[in-house]
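K.L.:
So the chains spell out like this:
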Amino acid sequence: DVKVTQSSRYLVKRTGEKVFLECVQDMDHENMFWYRQDPGLGLRLIYFSYDVKMKEKGDIPEGYSVSREKKERFSLILESASTNQTSMYLCASSPPFTGGHNEQFFGPGTRLTVL
Amino acid sequence: ELKVEQNPLFLSMQEGKNYTIYCNYSTTSDRLYWYRQDPGKSLESLFVLLSNGAVKQEGRLMASLDTKARLSTLHITAAVHDLSATYFCAVVGAGGTSYGKLTFGQGTILTVHP
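Chains A and B, in that order, give the protein sequences. Everything in the first sequence is counted per the numbering used here, starting at 1 for the first residue and increasing by one. Everything in the second sequence is counted per the numbering used here, starting at 1 for the first residue and increasing by one.
Any given hint might turn out to be false.
[Stated by the list, open to error] Pair by pair, the computed Cβ-Cβ distance ranges are:
#1 E22/A to E15/B: 40 to 46 Å
#2 S82/A to A78/B: 28 to 34 Å
#3 M88/A to N7/B: 34 to 40 Å
#4 K53/A to P8/B: 41 to 47 Å
#5 D28/A to N7/B: 37 to 43 Å
#6 D26/A to A69/B: 49 to 55 Å
#7 P61/A to S51/B: 30 to 36 Å
#8 T73/B to D28/A: 41 to 47 Å
#9 S45/B to V52/A: 23 to 29 Å
#10 K13/A to G59/B: 23 to 29 Å
[Said to hold, decoys possible] Heads up, simulated EDC-like pairs for lysine to aspartate or glutamate below, C-alpha to C-alpha not over 16 Å straight-line:
#11 K17/B to E1/B
#12 K3/B to D59/A
#13 K57/A to E44/B
[To be verified] Sample of chain A residues facing chain B (criterion: CB under 7 Å; computed from the structure):
#14 G16
#15 D38
#16 P61
#17 G63
#18 S67
It is worth saying that the hints were derived from the structure and are not from the lab. All C-beta atoms in this analysis are idealised placements derived from N, C-alpha and C, irrespective of residue type, glycine included.
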């Protein structure tokens, strides 16, 4: 059974704190993604990674960074959390984009509140 | 820039009725996904549509893709309460370095009433 797990379901942090969100997949997928989900805006891509140590900015990378030291793990880092980063964060993984059916599999999400 | 728009954003249906959710996208793509999200849960893949004219059906849901019109539809037949959820369409961006990046619509919140 394919699985993407995220380190926390709920997280509360203070403004200015450094925040780490962890994502692990057990499907040996090359691609991993971080999205944030806000009501009325759908999911927006923050960063993605297509290989270990490789990363690409998504549509809204400002205020975030990422790390991928191992194939199965992709971390999202908020260097100095702000209240406008309060959101639901979703991690996903997928096999390489070969032009076929490369569906993304999503984790359960982390609801982050920044006070 | 690829934009994906769904309508309606909110849909309140009676059980037994039919309805359609529309997904329009702005640039060329030949791959479209439909996902379902239950409250407090993650996204679950419903359909992958890979070519023009593709039609997929699962139970009371049927999805289709018209790449010329840049339009996908998700048709609900004889709705039941269990279909209450948020439905997203997502489109793969064109270009060789897209790595399968998805651009999502805003989501349609579907509520089915007795």
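K.L.:
Does each hint fit the structure? Answer for all of them.
P.N.:
Here is what the structure says about each hint:
1. Checked against the given bound of 40 to 46 Å, the beta carbons of E22/A and E15/B, roughly 41 Å apart, stay inside it.
2. Between S82/A and A78/B the C-beta distance comes to about 47 Å, which lies outside the given range of 28 to 34 Å.
3. Remark: the range hint 34 to 40 Å for M88/A to N7/B is contradicted by a beta-carbon distance near 23 Å.
4. Hint check: K53/A to P8/B, Cβ distance near 43 Å, so the stated range 41 to 47 Å holds.
5. Checking the proposed 37 to 43 Å range against D28/A and N7/B shows it holds: the Cβ atoms sit about 38 Å from each other.
6. As the Cβ distance of D26/A to A69/B is approximately 39 Å, the hint placing it in 49 to 55 Å is violated.
7. Between P61/A and S51/B the beta carbon distance is about 32 Å. The supplied range of 30 to 36 Å therefore holds.
8. For T73/B paired with D28/A, a C-beta distance near 35 Å fails the hint of 41 to 47 Å.
9. Checked against the hint of 23 to 29 Å, the C-beta distance between S45/B and V52/A comes to roughly 25 Å, which is consistent with it.
10. Remark: the range hint 23 to 29 Å for K13/A to G59/B is contradicted by a beta-carbon distance near 41 Å.
11. Distance restraint check for K17/B and E1/B: the Cα-Cα separation of roughly 36 Å exceeds the 16 Å cut-off, and the hinted pair is therefore not satisfied.
12. Distance hint between K3/B and D59/A is fulfilled; the C-alpha atoms sit about 12 Å from each other, no more than 16 Å.
13. A threshold of 16 Å between alpha carbons decides the hint, and for K57/A with E44/B the separation of about 24 Å lies outside it, so the pair is violated.
14. Hint status for G16/A relative to chain B: violated, with the closest Cβ pair at about 28 Å, above 7 Å.
15. Look at D38/A: its Cβ only gets to about 10 Å from chain B, farther than 7 Å, so that hint breaks.
16. For the restraint placing P61/A at the interface with chain B, the shortest Cβ-Cβ distance is roughly 13 Å, beyond the 7 Å limit, so the hint is violated.
17. Checking G63/A against chain B by beta carbon gives a least distance of about 20 Å; that is not within 7 Å, so the hint is violated.
18. The interface hint given for S67/A is violated, since its Cβ lies 18 Å from the closest Cβ of chain B, which is over the 7 Å cut-off.
In this structure, the earlier hints numbered 2, 3, 6, 8, 10, 11, 13, 14, 15, 16, 17, 18 are contradicted, and the remaining ones agree with it.
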